[in-house]
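Fit chain B to the supplied structure of chain A, relying on the hints for placement.
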Amino acid sequence: MAKKVLVLGETREGALRNVSFEAIAAAKKISGGGEVVGVLIGDAVEEFGAELVAYGADRVVTVEHPHLKSYTSDGYGQAFMAVVEQEKPEGLVFGHTAVGKDLAPKIASKLQAGLISDVTDIEGEGDDAVFIRPIFSGKAFEKVKLKDGIDFITVRANNIAPLERQERSGDVSSLSVDITNLRTIIKNVVRKSTEGVDLSEAKVIVAGGRGVKSTEGFEPLQELANLLGGAVGASRGACDADYCDYSLQIGQTGKVVTPDLYIAAGISGAIQHMAGMSNSKVIVAINKDPEANIFKVADYGIVGDLFDVIPMLTEEFKKVM
Amino acid sequence: MNIYVLVKRTFDTEEKIVVSGGKIQEDGAEFIINPYDEYAIEEAITVRDAHGGEVTVITIGNDEAEKQLRTALAMGADKAVLINTEDDVEEMDQFTSAYILAEYLKDKEADLILAGNVAIDGGSGQVGPRVADLLGINYVTTITSLSIDGEKVSIVRDIEGDAEELETSLPLLVTAQQGLNEPRYPSLPGIMKAKKKPLEELELDDLDIEEDDVEAKTETIEIYLPPKKAAGRILEGDLSNQVTELVGLLRNEAKVI
Chain A
1 MAKKVLVLGE TREGALRNVS FEAIAAAKKI SGGGEVVGVL IGDAVEEFGA
51 ELVAYGADRV VTVEHPHLKS YTSDGYGQAF MAVVEQEKPE GLVFGHTAVG
101 KDLAPKIASK LQAGLISDVT DIEGEGDDAV FIRPIFSGKA FEKVKLKDGI
151 DFITVRANNI APLERQERSG DVSSLSVDIT NLRTIIKNVV RKSTEGVDLS
201 EAKVIVAGGR GVKSTEGFEP LQELANLLGG AVGASRGACD ADYCDYSLQI
251 GQTGKVVTPD LYIAAGISGA IQHMAGMSNS KVIVAINKDP EANIFKVADY
301 GIVGDLFDVI PMLTEEFKKV M
Chain B
1 MNIYVLVKRT FDTEEKIVVS GGKIQEDGAE FIINPYDEYA IEEAITVRDA
51 HGGEVTVITI GNDEAEKQLR TALAMGADKA VLINTEDDVE EMDQFTSAYI
101 LAEYLKDKEA DLILAGNVAI DGGSGQVGPR VADLLGINYV TTITSLSIDG
151 EKVSIVRDIE GDAEELETSL PLLVTAQQGL NEPRYPSLPG IMKAKKKPLE
201 ELELDDLDIE EDDVEAKTET IEIYLPPKKA AGRILEGDLS NQVTELVGLL
251 RNEAKVI
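Those protein sequence lines, which keep their order, are chains A and B.
Numbering follows the UniProt record's numbering, with no gaps: position 165 of the first sequence is 165.
Numbering follows the UniProt record's numbering, with no gaps: position 195 of the second sequence is 195.
Hints listed in this document are in silico derivations from the structure and should not be mistaken for laboratory results.
One or more hints might be untrue.
Just a sample of chain B residues kept apart from chain A, beta carbon distances all over 10 Å, derived [said to hold, decoys possible]:
| # | residue |
| --- | --- |
| 1 | His-51 |
| 2 | Lys-106 |
| 3 | Leu-202 |
Each pair of labels, with its calculated beta carbon distance range [what the hints assert, rightly or not]:
| # | chain 1 | residue 1 | chain 2 | residue 2 | range |
| --- | --- | --- | --- | --- | --- |
| 4 | B | Thr-46 | A | Leu-227 | 41 to 49 Å |
| 5 | B | Asp-107 | A | Thr-180 | 23 to 31 Å |
| 6 | B | Gly-136 | A | Phe-307 | 50 to 58 Å |
| 7 | A | Asn-181 | B | Lys-67 | 41 to 49 Å |
| 8 | A | Leu-175 | B | Glu-203 | 25 to 33 Å |
| 9 | A | Arg-183 | B | Ala-29 | 35 to 43 Å |
| 10 | B | Lys-255 | A | Pro-311 | 18 to 26 Å |
| 11 | A | Glu-125 | B | Lys-67 | 41 to 49 Å |
| 12 | B | Asp-107 | A | Asp-289 | 52 to 60 Å |
| 13 | B | Gly-248 | A | Pro-311 | 46 to 54 Å |
Every residue, glycine too, gets a C-beta built ideally from N, C-alpha and C.
One chain only, chain A, in its complex shape:
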């Protein structure tokens, strides 16, 4: 059966997020030849409608309201449920982002629906779609399907390839919703993330462990990450030692990441760290200890001091890029 699937589009710093395009690709599969409808929620989001269409949405519904400038589960919940009521979808796809993680369970609860979170792959299409997601932070995987009712998933960034951008046309319509009774008031957002590249969506991650030895020790890692357009991450050891903020932690507690390239510098490779990064496409390990566990999951290893190797790597990349 062809299905109508809604996709929540998200913006960050004035542009649509890649994960939203990936969500459209996932929605296409679930729809089995049906219709994919993008949903944009905010105070001024109409301008992004055409871009969702270019990446595969058949049309777009926007909900704009001054109270939707910042995300709140109340505001976005009311807006999204109004779209659901209008469109009566058979599938829903959100990114597994801060917004998606916070909002999806609320919507699922209101619809008394199942929700498959953090999907990394989809097998089959339409009614036969089966969803693959990591459990135990990637130490194992499970294949899950919805028993009945609406197909509702959140997709992890960087895993499902977006469709190719095409010049297409599709209707962008607005839905007027009265947003009332917000129980949360957003006061301020303090930017802490590194250089604008979000860890969970980064294609390249340069991560440091205890071997980095200090806050300053992260500087050469940051320089390499900047050159490669990536982000800096850390092991629990480095965070516990206060070399960096917990928001950088990768592992079973912390973030689970799957970049194209993961460079682990001075990280020994505790099981709890490896759970968070071992599904990266290519892993490079740099460690003084040739027996370090991290070499077991690395595609390429260099035995050496990260403070020698990382700056040399940066210089070498500068030569060839």
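Structure of chain B alone, referenced to chain A:
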């Protein structure tokens, strides 16, 4: 203040996962309180100590989960509730758990409910927000700071590395992110006291829940381990040659740069 903490018993983070017969093998594995739930317990105790009241920890599971509840009591929680589903529920999902917890909580007039933002086993992070929605109360996820002044609640939450400052009010459900606090270790006197603290065991019958009400909405059809990676290459030779070789390999063989 009437405070509840939702906790889950999970595999220790240092455990390797073994799959046999399509199921995760639990034999011999070490179990712990889900680490994010430990932050929730610690915060609940701190709030109670500052504002008065009582902390009740709740879990869904079987008899084995009593150990984790006793640990929470030893940390300083006042009461524990085990909702034992072993005989009643075959397959659970987040819908099931949230429904059961909300049925338990609906007449408890909780001021504050805390949970971990995610469990390190299933990793969905759904149950907290679902419970709040079923109870009709507000929720804030992935919090790193909580302060309560009368009905007013000031919170900092982690949004993908950035810190969002917000205000809301009680009653409220929050889910804990790393950085919220440093969970205490149970003290020896704490462990002794915990043995005498009330631990109530309930079944679905006690909550007037029919098995059909909590039937899972999703179905796991297979569990498997990721393919083993072939051993990588440790580069050799002069360090500067290794670096040059690595950049070449990343560009030409792995093609990631």
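CB of Lys-255/B to CB of Pro-311/A, is that within 18 to 26 Å? holds (24 Å)
Assuming the hint says 23 to 31 Å, is it satisfied by the Cβ distance from Asp-107/B to Thr-180/A or not? holds (28 Å)
Could you tell me whether the CB distance from Leu-175/A to Glu-203/B stays inside 25 to 33 Å? violated (45 Å)
Starting from the hint 41 to 49 Å, judge whether the C-beta atoms of Glu-125/A and Lys-67/B obey it. For Glu-125/A and Lys-67/B the Cβ distance comes to about 45 Å; the hint holds.
Do the beta carbons of Asp-107/B and Asp-289/A sit within 52 to 60 Å of each other? Check passed, 57 Å falls within 52 to 60 Å.
Indicate whether the distance between the beta carbons of Gly-136/B and Phe-307/A respects the range 50 to 58 Å. Holds, since Gly-136/B and Phe-307/A (Cβ atoms, about 55 Å apart) stay within the stated range.
Does Leu-202/B really sit off the interface, with its C-beta more than 10 Å from all C-beta atoms of chain A? holds (22 Å)
Lys-106/B clear of chain A by more than 10 Å, beta carbon to beta carbon? holds (14 Å)
Please test the hint of 35 to 43 Å on the beta carbon pair from Arg-183/A and Ala-29/B. holds (41 Å)
Given a hinted range of 41 to 49 Å, is it respected by the beta-carbon distance of Thr-46/B and Leu-227/A? holds (43 Å)
Can we trust that His-51/B is non-interface, i.e. its beta-carbon lies farther than 10 Å from all of chain A? For His-51/B, whose nearest Cβ neighbour in chain A is about 20 Å away, the distance exceeds 10 Å, so it holds.
Whether the CB-CB distance between Gly-248/B and Pro-311/A falls inside 46 to 54 Å: violated (18 Å)
In summary, the numbered hints that this structure violates are 8 and 13.
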